[in-house]
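Undergrad: Sequence:
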Amino acid sequence: MNSIVIISLWILLLLNEVLCQVPDETVKVLRSEKVELTCPIDVDTCGELHSLKWFKGTDRIAVVSGDGEVAKVEGSYNDRVYLAHENKRSRLIFKNVEISDEDTYLCETTFLEPSEACENSGAYSIALNVYAIPSVIALQDGSRNSIKNGSHIGPMREGQDLQVVCEVYGARPVPVISWHRSGSVVRDSQIVEDHNGLFTVKSTLSLTLSRQELGATYICRVEMKELSLVVDNHFHIDLQVRPTKINLSGVEHHTVQGTKVLLQCQVSGARPAANMTWYNSTRLIPDETNEITSVSTQTYLQNDGTFETISQMIFTATRFENGASIRCEADNIVMRQDGDRPLHDTLTLEVMYPPVVRVGAENITVNETQDFLLKCDYEANPASLESVKWFRNDQEIKLDSRRHDGGNPENIGLIIKNSTRGDIGAYKCELANSIGKDLSDNEINVDVLYKPTVVLNMDPETPVIENDQANITLLCNIVDGNPLLLTKVRWFLDGEFLKELPECDDDGDGNSLGDENLCEVDPTKMLLQNVGREFIGNYSCQGFNLGGWGDISEENSLDIYYEPGNATITHFPYIGIKRRSVTFNCSVEDRGNPPATRFRWLRGDKPAKDVVTPSWTVDPVGLDSRTTFTCFAYNEGGEGNAAVAHLEVHAPPAFVQKLHPYTGALYSTSNISLACRVECVPSCAISWFKDGVGIEDYDERYYITSTYLPAEPATGDFESAYSVLHFNMSAWPDGMLDRIRDSSNYSCVSSNNSAGPGVRSTTYFGVEYPPENTSLSSPSISVEEGKIPPRIVCSSRAYPEPEFSWWRNAVNIVNGSSLIVNTVMERSDAGVYTCVASNKHGNHSTDAVIDIHYKPTCTITRKEVNDEDILICTAIGSPKESEFDWSLKYENDTLQNHKTRGDAYESILVLENDVSAMRTYVCVATNSVGMGKPCEIEVAGYVAWWLKGDILTPYILIAAVAALLLAVILICVIIICICRRKRRQDKSSIQIEEIEDAEFSFMKNQRSPTKPKPDASENIQQYDKTVRWRIRRFFEKRNSIDLLKLSTQNVITYVKKPQVATTTPSANANSISAKEPQQTSDDRNANVPSTSADVVVTGGTSTAGESQIEPGEYENLPFHGMQTPPKKPLHDIADDLVYADLDESNYGPINYKAASIYNMVKFKGRTQN
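Mapping the sequence shown onto our numbering, position 858 (from 1) lands on 858, and the numbers just tick up by one.
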C-alpha cells in the first residue's frame, strides 16, 4: 500500500514538472524573417503596471517601465530587437530572427498594487522555434559531378557500378531523406552534420546496373514536416543492352502469285534500337522503296526502356519467287563493339500460281455445217487442272456433246461439229487450278460462210409530200451473211416481182452477155423518180452472196402525203351582238392523206391563234368581229382551199364615258359642263335629269349639245352618242353657284335599241370652295421648359374637306389637324407655329404662339457711368420680368449700404470706392418660373484711375507727363527772371551783425526764468530769432558760404557771404540727406533755449527742415541762386491746423514753419483761456 502511494506521488511530481515546462505559447518562424513575441498585460484586473522584463532562458534581454517611457534592450540584441509597449500588451520584435534566437522567452510583469482578483502569476512563457529552409538540395555522382534534376545518367553498360549522393545543406530541423524507385523505398546510407545549428545531410545510393534499371527513375525525397516541405529530385539511368530476340514471320507454308506478301522481322530487348538488314538468298535487298519491293522500319520504346524494332518488307509474289530464301539480320552498337555476329532468321517462300495459257495462233475458215478443232497449251503450280473453259467473243461456250468434243481437264482441246454462222468469232481458252485461273493471251479467229439476210430501206425515209415531186431511193441492205457482200438483188412491189439487178447475163464462165454498163450498177439500190400518190405501196427485196439466195426481206411501205379538198363555212347567229358569242363551222369532203383533222381560221387578215378545230366560237363578239372570217383544212400534205363568210355585229346601249360618282366645281367657276357617251348600234338618244327631273330644252340655266361619233377600232368601241350638259352661268344669280342649293344629283339616260335596253349614269355635283375661317383651339399657350404642352386642334371650313399641316420656320413639322408634342419642350422650341388648311382650290392659315417659360440666366458686366463704378446684372428668361438679389460670396458683409437701382430687366449695383479688398459679387435673378442659377463677378479693391487697365490710361498718363514737363519748364523760366531781379535788391539787406545781436538777446531772454509769460506775438518773434540763431549755428558748423538774414517781414532769406577766401564744402556736408538719423531729445534740448513752459522749441530741425537748409541739397534745387524763398505760404492755413500732422517738436518746410507755429500758439492760448 505504501509503495502504491509513493509511486502515485512520484508520477504526480513528474506530471507537474512536465506541465510546468510547457510554454504558454509557441511561435514558429523562418530564419531572417521578422517575428513578434506578444506579452499580455491584465491591467483591468491587476491594476497599474510597474515594470515588465523579458528573459531569454534565464538571461534578461529587455526591460520596460509601466508607462512605456523607459524601454531598453540589453546586450547584443540592441541592434536586432526593439520593444513596442501598449496599455494591455507589450511586444518584443525581432527584425530578422537568427538560429541562435531559438529558446524559451519569459515575460515577467510587476504591478504596483495588484488586486486580490489578479490571477497573474507574474510570468508568461513563449517558445520560439526557428526553422531554416534548405539552402541547397543537390545530386552528385561518385565523382562529385553534379546531376541536374530530371536528367539522364549515361549512357552506361549493363554490369557497371553506379553511386549517387543526395545532399541537403542549411536546413533546420534535420530533414528526412529517402530514395524511391517505382514507389518502393531503396536502401541508402546517411551522414548528418551540424554547422552552427544548421544541418547538412548526405544520403548515398549504390547500385550495380542490370536490365532491372531499364527505364527506372530514382527519386531523392527531402521531407521537413515542420515546414510542410517535400522536395523531390530525380534522375534516369540511360542503360545500353544488346537485343535478345529476333523473329521473322509473315508467310506460312506458301503464298499465291499476285498477292501482296508482308514479311515482318521483329527484334526486341535492345537499347539503343537495333539495325535491320534484308537478304534474298545472298542478295542484299535495299531499303529504298521501288515498284517491286517496299521496306519500312519502325522503332517502339517499351515500358522497360528497351526498343522493339519492327521491319516490314512488302512485295507482290510472282512465280519467280517460288523457292527463294529471305533472311533478316539485326544488331546494335553493343554487339558491334563486342564483335558479336548479328542475330538472324530465315524464311523459304513457296509461290503457288495459276496456269499460264496459250492457244493455237492459226485462223480457221469453214463452210457452214463443217467440223473444226481448237488447241490449248499451259504451265502451272500445281500442274493439275481443276477446270477448262472455252470462250467465243469473250462469251463462255456451253458445251454440248452433240456439237462438242473435249474441253475438259483430261482433253483440253475442243472439236466443234456441224458448224453454223453462230460459230463465227474469236476463241480463247481458260484453265484453272487450285490457285487460280488464267485466260490465254492470244485467240483463234474462226470464219463460217452462210446465206445473206437483207432489209429494205428508203432514202429519204417516207412519208414524202406529193407536191415536192421528190425522188425515192430503195436500198437493199445486208443484215447478216458471210460474206457481207451482195452480188444480185431482186425487187418486189406488194409481193409481185418488179426486176432483178444487175440486168445482165453470163455464159456460165463469168463472161457477160449483155450491156456491160448494166452489169456494173449497184444491185442494192433502185431509184423512184417524181413520186406521186400512184407510187403508194409495200416494197421488198432478196439478196444473193457466195452462200446463195437468201430470204425475201420484210415489206416496207412507201407513203405519199397530199392536201385536203375545198372547205365550206357557216355561223350562228346570223347577226352578232357585242359581248355575246358566235359559233362558226368549217367542213371538207376530201380530207387528203393523211386525213385532215386540223383547220386554220382568219379574222379579217389576222390568223386566230390556237384555234385548229372545225368549230370556232367567238366569245365575246366585239368591234374586231365585224369583218370576214376564213377557214380551210390542212395536213402534212398541204393546205386545202379556203371558205369565207362576213359577220354583221350590233351593240346594245353601254357607256363609253360615264359620269363620275362625284363631280365638283368651284362656286365662282364660269365654265361648267357634264358629259357622257353611250355606245349603241343601231343609234340611240340621250336625256339629262336633275334630282330625277328631266332638264328641258327651254330651261335657260342649261343647254345640251349632242353628237353621234364613229367607231374607234383602237379602243374597240362601236358608234356612240355623245351628249354634253352645259351650265349657263350667266343665268345663275350673281353668276355663281349656291353652296347649298346647287349641290345635286345629275343623271345621263339613253334610249333603247334593237340590241338591248337603255342605260343610266348619275353623279353627285358638289359646289366647292377654298378653306376659310381657320381657327385654333388655343391660339396662344405657355409651357414651362422641360414639360409637354397641351394639344392644339386646328379647324377650317372648306369643300372638299381640307388637309391640315403644321409649319415652323418654313419647315413642315407634322401633318394633321392636331399639333401633339410628345417630348418635353426646350426654350429653343418657343415661337410661332402655323396651321395651314388646304384643298385643291387654295389654302388658309393661322398662327399659334407657344411661349416657353424658363428660369432666368443672368450675366454681370462692369461699367463706369457718370463717374460711378457700377455692376449691371441682366437676365434672360421667360417671362422676361425678373427680381434681382445682390450678395457677397465668401463674405459676412452685406450690401445694405450699397446703392442699387434698376427695373424688371436689369439691376445696377454702385460700387464703393473705399473697398480695397478683392470681392466676389453674386447676383441671383428670379422670375415666375423660379430662381435661376447665380452669376458672379470678381471685383478688385479700389485703385487709382491711372492703375486701371483701361486702353486710354497709357495715353492719358503720357499726356499728363508731357503737360507737367511743359509747366515745369515755364515755371523755371519765370523763376530765373524773378531771381535775377531779387538779387539786385538783396545787396542792401541788413548786416549779419544785426542778426547776431538779435539772436543773442533772444537767447538771453529765453534763459531768464523770471520773465513774465509773453503773448502770442512775442512768441512768434522769439521763435523767429531762435530760428535765425539755429540756422546761423548750423551753417557755421558746415562752413557754409551763404548767410541768413531776417527781413523786416520776419521771413528768413539767404544772403551771399562775401568771398574772402574760397571754401569747399566737405564731403560730409554734401552727403547729409533727409534720411540722416535724428538726435535724441536730450541732445536737442541742450542746444535750443527754452522760451517758456508752454512753448517748447526744439534745438534741431525736422528731417524735412534739415533737407531744405542743407547747403549740398539746397544747391540741387531748381531755384537755387535765382531768388529768395517766398515770404508767406502759398495757401492760407486754418487757425486750428498743425502743419503736416507733426507734433510740437517737428515742423514742416521753412516756408510754412512760422505760420504753422503761430497757429499752434494761438490755438493753445484760446484753449487755456
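The set of hints was computed from the structure by calculation and includes no laboratory data. This one's a predicted model, so the numbers in the text were calculated from it and none came from an experiment. One thing to keep in mind: the hints can contain errors.
Mimicking PhoX-like on lysine-lysine, the simulated pairs with C-alpha atoms at most 25 Å apart in a straight line are [what the hints assert, rightly or not]: (1) K525 to K451; (2) K53 to K72; (3) K95 to K28; (4) K899 to K863; (5) K398 to K417; (6) K72 to K88; (7) K880 to K863; (8) K375 to K437; (9) K889 to K899; (10) K451 to K437; (11) K72 to K34; (12) K202 to K225; (13) K499 to K451; (14) K56 to K34; (15) K658 to K690; (16) K525 to K488.
Listed next, with one range per pair, are the computed distances between beta-carbon atoms [stated by the list, open to error]: (17) G250 to N363: 13 to 21 Å; (18) D238 to L284: 26 to 34 Å; (19) G537 to F572: 55 to 63 Å; (20) P594 to P757: 29 to 37 Å; (21) D522 to D480: 14 to 22 Å; (22) T953 to T900: 40 to 48 Å; (23) Q657 to D691: 47 to 55 Å; (24) D377 to G250: 32 to 40 Å; (25) V612 to R533: 40 to 48 Å; (26) Q657 to R591: 30 to 38 Å; (27) L284 to G250: 15 to 23 Å; (28) D885 to S777: 33 to 41 Å; (29) F572 to S673: 17 to 25 Å; (30) S777 to T900: 17 to 25 Å.
Where is the CB? At the ideal position from N, CA and C, for every residue including glycine.
Undergrad: Starting from the hint 13 to 21 Å, judge whether the C-beta atoms of G250 and N363 obey it.
TA: 48 Å, violated
Undergrad: Starting from the hint 55 to 63 Å, judge whether the C-beta atoms of G537 and F572 obey it.
TA: 45 Å, violated
Undergrad: Is K525 close enough to K451, meaning Cα to Cα at most 25 Å?
TA: Holds, at about 20 Å.
Undergrad: Would you mind confirming whether the straight-line C-alpha gap from K499 to K451 stays at or under 25 Å?
TA: 21 Å, holds
Undergrad: Can you confirm whether the C-alpha distance between K525 and K488 stays at or below 25 Å?
TA: 11 Å, holds
Undergrad: Do the alpha carbons of K658 and K690 lie within 25 Å of each other, as the hint requires?
TA: OK: K658 and K690 at ~16 Å, within 25 Å.
Undergrad: Determine whether the Cβ-Cβ distance between L284 and G250 falls within the hinted range of 15 to 23 Å.
TA: 19 Å, holds
Undergrad: Taking the CB of V612 and the CB of R533, does the distance hold inside 40 to 48 Å?
TA: 25 Å, violated
Undergrad: Would you mind confirming whether the straight-line C-alpha gap from K95 to K28 stays at or under 25 Å?
TA: Holds, because 15 Å separates the two Cα atoms, which is no more than 25 Å.
Undergrad: 29 to 37 Å was suggested as the range; check whether the CB atoms of P594 and P757 agree with it.
TA: Roughly 52 Å apart at Cβ, these two residues miss the hinted range, so it is violated.
Undergrad: Given the hint that K72 pairs with K88, does the C-alpha gap stay at or below 25 Å?
TA: 19 Å, holds
Undergrad: Is the hinted range of 17 to 25 Å satisfied by the C-beta distance from S777 to T900?
TA: This hint is violated: roughly 45 Å between Cβ atoms.
In terms of the numbered hints stated before, the structure departs from hints 10, 17, 19, 20, 22, 23, 25, 26, 29, 30, listed from lowest to highest.
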